[in-house]
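Order-wise, the sequence lines are chains A and B. Counting along the first sequence from 1, when you hit position 98 you're at 100 in this note's numbering, and nothing is skipped either side. Counting along the second sequence from 1, when you hit position 54 you're at 56 in this note's numbering, and nothing is skipped either side.
Honestly, the hints are just simulated from the structure, not real lab data. Note that this is a predicted model, so its numbers are computed, not measured. Be a bit skeptical, because a hint or two may be false.
When the alpha-carbon atoms are kept at most 25 Å apart in a straight line, the in silico DMTMM-like pairs for lysine to aspartate or glutamate are as follows [claimed, not checked]:
id, chain 1, residue 1, chain 2, residue 2
1, B, 56, A, 41
2, A, 109, B, 87
3, B, 46, A, 81
4, B, 46, B, 87
Here are a few chain A residues that sit away from chain B, every Cβ distance over 10 Å (derived from the structure) [said to hold, decoys possible]:
id, residue
5, 6
6, 13
7, 44
8, 45
9, 60
10, 72
11, 84
For every residue, glycine included, the Cβ atom is placed at its ideal position computed from N, Cα and C.
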Amino acid sequence: GENVEQHPSTLSVQEGDSAVIKCTYSDSASNYFPWYKQELGKRPQLIIDIRSNVGEKKDQRIAVTLNKTAKHFSLHITETQPEDSAVYFCAAPLYNFNKFYFGSGTKLNVKP
Amino acid sequence: EAGVTQFPSHSVIEKGQTVTLRCDPISGHDNLYWYRRVMGKEIKFLLHFVKESKQDESGMPNNRFLAERTGGTYSTLKVQPAELEDSGVYFCASSQVKVAGELFFGEGSRLTVL
Numbered sequence: 003g004e005n006v007e008q009h010p011s012t013l014s015v016q017e018g019d020s021a022v023i024k025c026t027y028s029d030s031a032s033n034y035f036p037w038y039k040q041e042l043g044k045r046p047q048l049i050i051d052i053r054s055n056v057g058e059k060k061d062q063r064i065a066v067t068l069n070k071t072a073k074h075f076s077l078h079i080t081e082t083q084p085e086d087s088a089v090y091f092c093a094a095p096l097y098n099f100n101k102f103y104f105g106s107g108t109k110l111n112v113k114p
Numbered sequence: 003e004a005g006v007t008q009f010p011s012h013s014v015i016e017k018g019q020t021v022t023l024r025c026d027p028i029s030g031h032d033n034l035y036w037y038r039r040v041m042g043k044e045i046k047f048l049l050h051f052v053k054e055s056k057q058d059e060s061g062m063p064n065n066r067f068l069a070e071r072t073g074g075t076y077s078t079l080k081v082q083p084a085e086l087e088d089s090g091v092y093f094c095a096s097s098q099v100k101v102a103g104e105l106f107f108g109e110g111s112r113l114t115v116l
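Okay, chain A solo, but in the shape it has when bound (with noise of 0.2 Å):
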C-alpha cells in the first residue's frame, strides 16, 4: 500500500512568519494530493489539493509544491496568522483512487 510521511510533527512560528511542511509518499501511481487543516475540536477541511499534472498551486497565502520524480509534495503557507494554529494532515490515495494514506500530522503554532 501507500506510505505517507509527514514533517515536522509540531511547527512553531512568530506571526507574519512562513511555514512549510513536508510530506513523501510510496506509490508512484498516486496524481492527486490534498492537505487538510483540523482546528481544535472541529472536523478535518480541505485547504487546497494538488493533481500531479502541475507542480505548484497557489491560493492567496497558501502553496502547494510537487515533485512527483522525488515524490514529495509540500504545504507553503506565508505571512502566518494566529488564525492558521492548527493541526495539518497530508494524504496520498492508493492507486485506486478511494482510499486515502494521511500522514501523522503536524500541529503548527503561530506565536502572536
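Keeping the supplied structure of chain A fixed, place chain B upon it in accordance with the hints.
Chain B in isolation, oriented as in the chain A frame:
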C-alpha cells in the same frame, strides 16, 4: 446543506463493553469512509462503502469491528467487545466523486476505553 454528522461526539466505556458509532453522510454522497486517529498518529483508513456495499474493508483491525450501511444512507460502526487499544477518534467522511477528490469529514467520535 448539512455536513457529515457523527454521533456520539464522545463515548467512555469499559473494556469488554460494546459501542456503536453512527455517521450520517452528506445527502447524495455514495462514498462513505471510516477512519481512525490514535493520538499523535496518522488518520488511518478503516473501510469504504459505495452506497450499501463494502468496497474495501482492508483497514478494519479485526473481527471485533463491524460496519454497516443499510439502504446506502447512514452508517454504523460497532466495536464489540471493546479493548483498550480501540481508543481514539473515529472519523467518518463522505464524497460524491468516483475518482480521487475532496473528502468531507464529520467532527469525529472520540472513544475512550477504560
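Structure versus earlier hints, numbers of those that do not hold, lowest first
Going through the list in order, the structure violates hints 1, 3, 5, 7 and 8 and respects the others.
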